[in-house]
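Using the hints, build the complex out of the two chains.
This is what each chain is made of:
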Amino acid sequence: MLEQLLETLPAILTSPTALLLSLVGSILGIILGALPGISSTTSLAVLLPLTFAMDPTGAMMFLMGVFNGSVYGGSISAILLNIPGTPGAIVTQLDGHPMAMRGRAGEAIGYATLASMFGGMFGLLVFMTVAPLLAALGLKFQSPEFTGLALLGLASLSAAIPEAMLKGILAGLVGLLLATVGLDPLTNVLRFDFGSRHLAGGVAVIPVAIGIFGMAEVLRHLEGGAPRWQVITTIRRVIPPWAEMRRTVPGALRGAIVGVIVGIIPAAGSAIGVAFSYLQEKRLSRTPERFGTGIPEGIVPPEASNNACMGGDLIPTMSLGIPGDSITAVLMGALLIQGLRPGPQLFTEHRDFVAGVYVALGVAIALTTALGLLGARLFARTLRLPKAVLLAGIALLCVVGAYAVNNSVFDVWVMVLFGGVGYLMQKAGFPVLPLIFGLILGPMFEENLRRTHIVSQGSLLVYLQRPLSLALLALAAATAAYPLLLEWRHRRALKGG
Amino acid sequence: MVEQARQGLSDVLAGTILLVVGIVGLIALGRNATLTSFDFGADPGPALLPRLLLVALLGGGTVVILLGVLRWRAARVSLRDVGRTLALRPYRRPAVFVASLSVYLGALPRLGFITATLLFAAGWIAALTPEEDRRPLPRSLGQTAGAALVITAALYYVFKGFVKVPLP
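Protein chains in written order, with our numbering: chain A, 1 to 497; chain B, 1 to 168.
Excised from the complex, chain B in its bound form (with noise of 0.2 Å):
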């Protein structure tokens, strides 16, 4: 019952996005002096799919909330008891990678490639590897710092190298 009324909640937020991109792109549509003014001719013009995509994402949103909030009510499940349930943990991770994504980009242009991509990857082989495996330290240390140069130097010659890729 939970997990139900935990999907239906997944959906009004899933409709909800596409409800807010339908609104947005329609705005756009609607700013974009060149699309309102001038005249194409025979041609419908570049604002035709755009628009017919946007009215059938906001119609498709409506039924994916309503189709969850119907889902959500069969479940008889309040939003406080789906609350408690909500296992944020295993998001968690996935959340933080991400964000350490952003600062790795952020930093590439200062720190240049090898340095920025060996502090990212040894940080998350040293973050992921295993409880068990972390002993005897030192010997796991001089692992994770192995296979961030493996990593960092592979990469780095096979796309400046090979592929002719200017790496920052």
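So that you can see chain A by itself, here it is in the shape it has in the complex (with noise of 0.2 Å):
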């Protein structure tokens, strides 16, 4: 892989097209995950259909630079319009926002700057040790323990949902049944088509997630209007005085070990890495009371955690197939666009792919960072656009995004349709990243079942004979009971008083 990387680097960082495309992603991504309420799934989703006439490196270098940026992004508008941009920024405004208040806004994005690139960068080198590791392992995998591994990726939504397991097994449930709608690529026989020709090749990946994460967000914007957000503009210095800087290293390190860990948990998600990183270290502070006025190290841990989380995230994405979180769900569906499934094959069939993720990444995280130092002052400003415009104009970009799929209107209408699902579930209180699960997931799962009965006529006893079956089943029932077990103690503790 060495050799890939090395001969992948200089290639990239000379080709000024590679490094455009990583600008232009980045700069989108900023943007649209500072705005308030546009999530880095929304993001990547609405700007996803504009890699359609990339190669796949150029692909990856647009995609990273938006998956980073936007992860970065939500920190602007959690430090200067008190609102977090995006889920994994909740706790930067909490110590952002009030430094903002006393005339260091500067500042505080600097150290969110600096601690998401220590972050990413952490992450980054994370994902290359581990997932080639995993990978490896992945290779000795056949049809039992790719139908255990996709149980275990739909088993870890429960965990991650405790709060509404059952309403999340169901949407993924859903999400799996959608994907047997069609053609069986196992017999070729129709399922669920209605007669509709648009049905016979399935429901596709990309106009649900544009529908569920992007036009579904729309809508809810739509309840409440489109009143004018109230921003901080006064911006002086952007880069915090080493002295005080210094201090927020090991916290840093701490958070970012944090993320990484969240990541690599499939559906755990960065927000619960943010919220521990910064409990943490509150936990480990000589003066707790000191967090929430507006100090560096209630900052820096979390920011750097929320960007440690993409490395994580892509460790099980790239190296077994399973999603990390909804962002990577939509990453998954990228990369299925361009003819290449995530997995332990893409590892030893397309090295030189993998080697420009990881430089996409870590140039799609340099850019980031210099934008963030010396943009500042105009990602600020970005924020003052009318909201009236923005979600016009974020709904036209759904619109035309699920069309040029297959440039086919039934697409879009696939994509309101899910529009309208994703907002309904929310209202209901249904987790919508489990439908996006159960779709990526559902033909791997369906297909290695099929053929695990083939070849073991019927028994069901070769899931318990091969140790790897038998982990990742193991595996899977530990991760659905965990929250059974945490609820029947807690029930318990509040009985015993």
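Just so you know, these hints were derived from the structure itself, not from any lab. Since the model is a prediction, treat every value here as computed from it, not as a measurement. Hints are not guaranteed to be accurate.
As the list claims (entries may be wrong) - List time: in silico EDC-like cross-link candidates among lysine to aspartate or glutamate, alpha-carbon distance up to 16 Å:
#, chain 1, residue 1, chain 2, residue 2
1, A, K427, B, E131
2, A, K387, A, E223
3, B, K164, A, E289
4, A, K387, B, D133
5, A, K387, B, E131
6, A, K387, B, E3
7, A, K427, A, E223
Below, the structure written as structure tokens:
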């Protein structure tokens, strides 16, 4: 892999097109990520169709720019507006905004930028180290293991959403069911096509993702009208003083470690990582009462955690084909469009592409840092963009993006339908992430389930006779049972007084 | 209490939708002649997973309905009282938006991408602009038209020129 990396690195760094794509992706990512309510997943979903005309490496340069930029961008609105741009920036505002209110808005952005860079680089290094090892293990997988792996991915969702476990599982089942629409890959028999030639090809992942993440977001915003945001625009010094910055380094490292671990757990989400990092730093501090008053120690660890989460997310996504969260689920859709299926084979058959992903993420981190430090004032100004223009623009981007998948108006209808479905699901307390997980993992699950059945001539013992398959199934069962155990212990503790 | 009853009612509705999906799906599988008559040999067949999923949805939907009913009953609020406090106003704008999107999609082949998109964008920017930003009117109208034009032109040139998408 090192050989491919050494070949790819200079090729990309000397390619003006590749660098420009990363730069444009990073700028768009920062702007969309900074806008309140527009999550990184939404940003990636609505900009994804722009990559259809690009080669795989170019697409990754652009998408990694959007990915990293939007994850970082959420902190800008958290600091300047006191509204997190993305769920991963929910705790940045606790100290970022008070610091900005004291006239240190630039330095708060500076801390967030440098911590994001540190966390992002840490996550990238772990990704580069762990992903090939996990992929090598994945090469030993056969049908029973892949069935167990898909089950583990789906079971992780129940652990990630303990407050809506049943609803999460049902949403996942609906996603799996949607994946069975159209031609069966093993027998070419049509299922659930209802006589429509459009449904014969199945339900495409991208229009559904644009609908439930992009259009549903627009519909949610429309509920509250389109008032202007009150934004702090006075930004002076951006690079913080070294003496103060030095004190935050251990916290940044702890935050980055937490972020990577949370990222590796499928469906855990960066919001959990940043909240854990913030609480951990407060617990370790000698002056916990200062947290929430605008101190760097409250900004740096969660920001490092938020960006380190990206590298962690990419590990199961790229090496096993199990998305780490909603952002990597959309990213996986992008790879499928490019004809590349994430998983162990990617690390043996497309080593140069994997090396390209490492470089793309590294370049995106470097460019986002430069943009964050040099363009903080400019990005602050984009927050004054009227919300009415923004919502109309994003809605139309969703429409054109869904159309661009197959140049088909039917896909736009699918997007609008799932926009409504996503909106109503959230209103009824159903998480939307399991639906897209089910849709992505469905084909892999069904194909391997049936292959195992054919090879073992219907015996289920094969799952227990193979150590890896048994381990994966046990892990899936433990993951699904964990929230139930927690709930049981919680109830017992309540009864015990 | 009313919020709890409302949540219960929402669960009953969601569970009913899952039941409907399960029933319609099972009927569709049952009516699929290839699935019912063909022998797939050692392969359990393309109906196995959908059937398992649909049965699970029927079971899950029933549990969601039951939990919703229990929650509603625990709140001790009548359906009429819940109906009285139901605030449908926030849903009005999203519903109108989806309806207007449908009209826009229907108009795309007739009006073409540029005209239809320009009208859609201008209409919604004007409708969503806060009252205090609408004065003076000529300036506000100019800004609305300008923003709609920029959005339409950007989408057209990026997707038609760069991504090579044959927009209608």
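Each hint, compared with the structure:
no.	hint	verdict
1	A/K427 to B/E131	violated, 28 Å
2	A/K387 to A/E223	holds, 13 Å
3	B/K164 to A/E289	violated, 57 Å
4	A/K387 to B/D133	holds, 12 Å
5	A/K387 to B/E131	holds, 13 Å
6	A/K387 to B/E3	violated, 30 Å
7	A/K427 to A/E223	holds, 12 Å
Hint compliance for this structure: hints 1, 3, 6 are not met, and every other hint is.
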